[in-house]
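S.K.: Take a look at the letters that make up each chain.
Number of protein chains: 2
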Amino acid sequence: MSDTNTNSTVTETSHVPVVLIENVNPNVRNMEYAVRGPIVARAAEIDAEIKSGVKKPFAKVLPANIGDCHATGQTPITFIRQVIALCAYPELLTSPEFPADAKDRAKRILAGCRGGSIGSYTASPGVEVIRQDIAAYIEKRDGVPSKSEDIVLCTGASDGIKTILSMLMTGKTGNERAGIMIPVPQYPLYSATLTEYNAQPIRYFMNEENNWSLDISELRRAIEEAKSKCLPRAICVINPGNPTGQVLTRQNIEDVIKFAHDERLMILSDEVYQHNVYAKGSEFFSFKKVLMEMGAPYNRHELASFMSASKGFMGECGFRGGYFEVVNFHPSVKACLLKTISVKLCPPVAGQAVIDCVVNPPVLGDPSYDLFMKEKTHVLSQLKEKATLVTELFNSIEGIKCNTVQGAMYSFPQIFLPPKAIEAAKAKSQTPDSFYCFSLLEETGLCVVPGSGFGQKEGTYHFRMTILPPLEEIRIQVNIVI
Amino acid sequence: MSDTNTNSTVTETSHVPVVLIENVNPNVRNMEYAVRGPIVARAAEIDAEIKSGVKKPFAKVLPANIGDCHATGQTPITFIRQVIALCAYPELLTSPEFPADAKDRAKRILAGCRGGSIGSYTASPGVEVIRQDIAAYIEKRDGVPSKSEDIVLCTGASDGIKTILSMLMTGKTGNERAGIMIPVPQYPLYSATLTEYNAQPIRYFMNEENNWSLDISELRRAIEEAKSKCLPRAICVINPGNPTGQVLTRQNIEDVIKFAHDERLMILSDEVYQHNVYAKGSEFFSFKKVLMEMGAPYNRHELASFMSASKGFMGECGFRGGYFEVVNFHPSVKACLLKTISVKLCPPVAGQAVIDCVVNPPVLGDPSYDLFMKEKTHVLSQLKEKATLVTELFNSIEGIKCNTVQGAMYSFPQIFLPPKAIEAAKAKSQTPDSFYCFSLLEETGLCVVPGSGFGQKEGTYHFRMTILPPLEEIRIQVNIVI
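Sequence lines, in order, name chains Z and F.
Okay, so the first sequence: first residue is 1 according to UniProt numbering, each after it adds one.
Okay, so the second sequence: first residue is 1 according to UniProt numbering, each after it adds one.
For the record, the hints were derived by calculation from the structure and aren't laboratory data.
Quick reminder that beta carbons are idealized off the backbone N, C-alpha and C, glycines included.
Please note that the accuracy of each hint is not assured.
As the list claims (entries may be wrong) - Pairwise CB distance ranges, derived in the manner of DEER restraints:
| id | chain 1 | residue 1 | chain 2 | residue 2 | range |
| --- | --- | --- | --- | --- | --- |
| 1 | Z | G459 | F | A44 | 54 to 62 Å |
| 2 | F | P26 | Z | P26 | 48 to 56 Å |
| 3 | F | N175 | Z | A296 | 32 to 40 Å |
To be verified - DMTMM-like mimics (lysine to aspartate or glutamate), calculated; alpha carbons at most 25 Å apart, straight line:
| id | chain 1 | residue 1 | chain 2 | residue 2 |
| --- | --- | --- | --- | --- |
| 4 | Z | K339 | F | E22 |
| 5 | F | K147 | Z | E149 |
| 6 | Z | K107 | F | E283 |
| 7 | F | K339 | Z | E149 |
| 8 | F | K147 | Z | E49 |
| 9 | Z | K334 | F | E196 |
| 10 | F | K334 | Z | E149 |
| 11 | F | K339 | Z | E176 |
| 12 | F | K334 | Z | D47 |
| 13 | F | K51 | Z | D366 |
| 14 | Z | K51 | F | E149 |
To be verified - Just a few of them, taken from the derived set where beta-carbon distance is under 8 Å, the chain Z residues facing chain F:
| id | residue |
| --- | --- |
| 15 | P57 |
| 16 | H330 |
| 17 | V343 |
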């Protein structure tokens with residue numbers, strides 16, 4: 001115990017913490033998540049300055065950094081919230097203030113909960129009736145069978161994506177280290193998770209010149225270059241794209257499936273924006289549907305497809321509801337998946353209930369149908385309008401070029417910076433796009449995320465702006481730029 | 001691409017999945033979580049058999065495998081559920097059916113949510129007013145200061161524990177691999193997480209002969225033996241104990257703090273059962289309080305203390321609410337922690353609201369006070385009664401010896417098995433305690449978890465039974481054993 005005594009003495013005279021940043025897990029230390037990065041902290045400071053009376057060229061900060069629907073004025077869907085209130089406080093089941101279909105739905109969910117309470121743990125993959133409703137939704141959407149036993153609810157889609165990725169790690173280094181193909185630009189959950197798991201990201205670049213399309217030749221380039229460094233295990237595709245807003249064509253999805261099959265990669269399809277398709281001629285096709293309709297051998301290929309309660313028309317981010325469907329998983333792997341998630345006990349039950357309302361909405365003739373459709377249509381038509389107008393607005397500004405926002409909730413315009421701005425950024429040890437976004441925030445109050453947080457081709461600069469804030473507010477704030 | 005073509009050809013003739021159990025991440029593959037293990041699957045089968053008309057010596061399966069309060073008949077606390085319903089559906093704020101204090105609370109929480117909606121993401125460490133309420137609760141409980149900036153809400157305590165443990169990993173192998181001290185028996189979240197993170201568990205045995213006390217000499221033995229194998233980084237203590245139900249004395253906690261300080265180990269104190277103390281003479285002392293009151297140098301030692309909405313008197317497991325307080329963390333480490341959790345966006349907001357009601361309950365004079373106290377007292381007094389009676393019941397059975405359940409929600413009796421039973425278990429390739437628990441399930445309908453799932457001294461056998469089911473049901477079911 002002599003070394004112990006030495007330590008103890010040191011600590012008594014000058015305190016040395018047990019954990020310093022230098023000895024934090026390097027994989028954790030290196031994680032980055034730009035969507036909640038330093039620019040958001042500065043936005044909060046500016047908001048506080050305005051409240052304390054400091055004069056700015058704008059009335060308030062417009063948060064356009066994160067796909068946080070209700071935070072920027074979107075109102076919750078009444079039916080969803082009624083069902084949650086009824087599940088939380090079943091005394092309301094006798095209240096005349098609630099429509100019969102909301103009550104029936106709450107009763108059905110509560111009947112699937114142990115002890116009739118959403119305060120009980122559910123089975124780890126979720127409440128069985130909700131899994132059945134999800135399978136029915138997928139089956140109806142795709143026209144191909146879906147089974148509840150292949151549905152796993154999770155704490156937002158992020159949790160599900162991390163769970164599947166963790167199973168694909170090899171626990172090895174060098175050229176046996178797991179390699180995961182991710183798009184660039186990408187939603188930074190992917191890069192952060194790969195850093196945390198010490199996996200090799202295999203980056204494939206989306207084609208900005210062709211409205212952020214996914215080129216198979218680029219997938220081939222990326223994987224061939226990576227093969228000496230790692231063991232490629234999966235390809236992640238985000239469709240509709242985040243931050244890039246493209247919607248993949250059916251042909252494109254077929255090509256990705258063929259590629260994944262040839263390269264023996266599991267497919268992770270992040271389809272959380274499946275309700276958010278705006279552009280004329282764009283249509284959402286799920287990877288599941290395309291894979292199944294392609295026939296043998298592709299219809300036996302392994303796929304995990306992710307969905308969320310946080311996006312779409314509902315935007316219920318705070319409930320942390322999500323699910324994924326596992327397709328063609330070997331029974332032993334599925335059993336291992338179920339064992340793994342059992343350690344987390346279960347996803348939040350209120351979030352599961354939100355998902356249920358999304359996949360099994362009121363139908364024609366139900367008392368809640370008209371209001372539900374009105375609210376849903378309103379949200380989606382507003383987003384559609386903003387998708388067009390934001391693109392037009394950006395393209396009307398010199399030095400900005402923005403692809404059509406076909407889907408999802410973001411624009412990802414390219415900014416052409418003069419050499420002077422690039423030098424000024426360097427002088428401040430900032431990336432040029434960070435420098436631009438910080439200036440934009442200070443001058444216009446618009447809070448957006450630098451493209452470097454998502455990845456971009458070297459020498460190009462972008463930012464991601466959500467299309468969530470009310471159009472008039474975007475217009476006012478962006479007009480200051482012009 | 002030639003090897004690709006080969007793979008493709010193989011797949012066309014006989015399908016070979018991309019992922020088989022053999023190439024799943026070995027750390028994930030090796031995770032075990034007994035609380036939801038095979039005995040629970042068998043219990044579900046028996047339940048189905050009974051429903052389909054199969055005759056059994058018992059009327060129904062009694063689930064006593066998991067601390068799932070509402071599932072076994074505990075009713076939710078009205079105030080908590082009213083606040084959740086109001087937060088979910090603010091139209092109810094005008095309803096005369098809800099008491100004013102529940103409405104005020106909901107308004108206060110909603111005012112802390114962006115856009116006034118619990119459907120928005122909160123800050124990653126949680127809603128600021130809820131963090132403030134937690135800090136005030138801790139300060140009142142301990143009589144020492146607590147700051148909201150040190151409070152981090154999480155998705156159940158499990159999520160928080162995993163977050164802190166992940167930061168302590170070294171990313172290395174051999175004798176630089178992170179070593180984490182955990183009790184034996186322990187709650188299997190710890191062993192599963194260490195397996196997932198490929199860390200070295202440093203097991204210290206609780207002293208069953210002295211009512212599961214924590215002996216410092218045993219901590220010394222364990223760490224000395226581990227030092228050649230790993231880099232010890234932290235000690236986990238569960239108080240009140242799970243599955244062992246002991247409540248640590250203040251002196252004992254002081255000794256653990258001194259030990260952790262001397263050995264330079266961060267302390268993780270799992271205090272989710274802080275409201276569940278039953279035995280005469282037992283009292284809950286938080287590690288924070290003791291550490292602070294010990295003065296220098298101990299009051300600068302690093303500690304993370306965990307709490308949950310799932311246990312106590314509320315038992316709101318399904319909401320997945322939890323929090324932890326970080327004490328004496330270096331600013332750089334705290335910044336890294338906040339960056340890490342930002343990738344997960346935020347914990348479920350309804351779960352955060354449940355936590356708020358727990359730490360800031362109605363006070364004397366509030367309209368909800370009487371009912372709240374009545375409900376809370378009822379749950380805790382029932383548990384207290386069961387803690388005593390379950391112990392007595394088990395000790396009245398030959399071949400079972402059970403320590404006093406001082407706190408938490410579990411009894412962990414030792415079972416003395418005849419050689420014949422041990423042989424029969426071997427013949428079935430089961431551990432003797434698994435064999436016993438499966439027999440118990442088949443003969444009495446009581447579903448409990450084998451001690452091997454928590455760890456136990458070699459040659460001893462135990463099981464964990466929750467004290468949650470109604471006393472009469474436990475009595476009926478256990479009487480079949482006698």
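S.K.: Is the hint on H330/Z kept, meaning its closest Cβ partner in chain F is under 8 Å away?
M.R.: 4 Å, holds
S.K.: With a cut-off of 8 Å, does the beta carbon of V343/Z approach a beta carbon of chain F closely enough for the hint to hold?
M.R.: Since chain F brings a Cβ to about 4 Å from V343/Z, closer than 8 Å, the hint holds.
S.K.: Regarding the pair K334/F and E149/Z, is the alpha-carbon distance no greater than 25 Å?
M.R.: 40 Å, violated
S.K.: Verify the CB-CB distance for N175/F and A296/Z against the hinted window 32 to 40 Å.
M.R.: 51 Å, violated
S.K.: Would the pair K147/F and E149/Z pass a check requiring their Cα atoms to be no farther apart than 25 Å?
M.R.: 45 Å, violated
S.K.: Given the hint that K339/Z pairs with E22/F, test it: the Cα-Cα distance must not exceed 25 Å.
M.R.: 15 Å, holds
S.K.: Given the hint that K334/Z pairs with E196/F, test it: the Cα-Cα distance must not exceed 25 Å.
M.R.: It holds: about 17 Å lies between the C-alpha atoms, which stays within 25 Å.
S.K.: Mind checking the CB of P57/Z against every CB in chain F and telling me if the closest is under 8 Å?
M.R.: Violated - the Cβ of P57/Z stays beyond 8 Å from chain F, reaching only about 23 Å at its closest.
S.K.: Quickly compare the C-alpha distance for K334/F and D47/Z to 25 Å and report which way the hint goes.
M.R.: With a Cα-Cα distance of about 24 Å, the restraint between K334/F and D47/Z holds, given a limit of 25 Å.
S.K.: Go ahead and decide if the range 54 to 62 Å is satisfied by the Cβ distance of G459/Z to A44/F.
M.R.: About 59 Å separates the Cβ atoms of G459/Z and A44/F, which means 54 to 62 Å holds.
S.K.: Within a Cα-Cα threshold of 25 Å, do K107/Z and E283/F meet the stated pairing?
M.R.: 41 Å, violated
S.K.: For the pair supplied as a hint, K339/F and E176/Z, is the alpha-carbon distance within the 25 Å limit?
M.R.: Outside the cut-off at roughly 29 Å; violated.
Consistency note: the structure conflicts with the earlier hints numbered 2, 3, 5, 6, 7, 10, 11, 13, 15.
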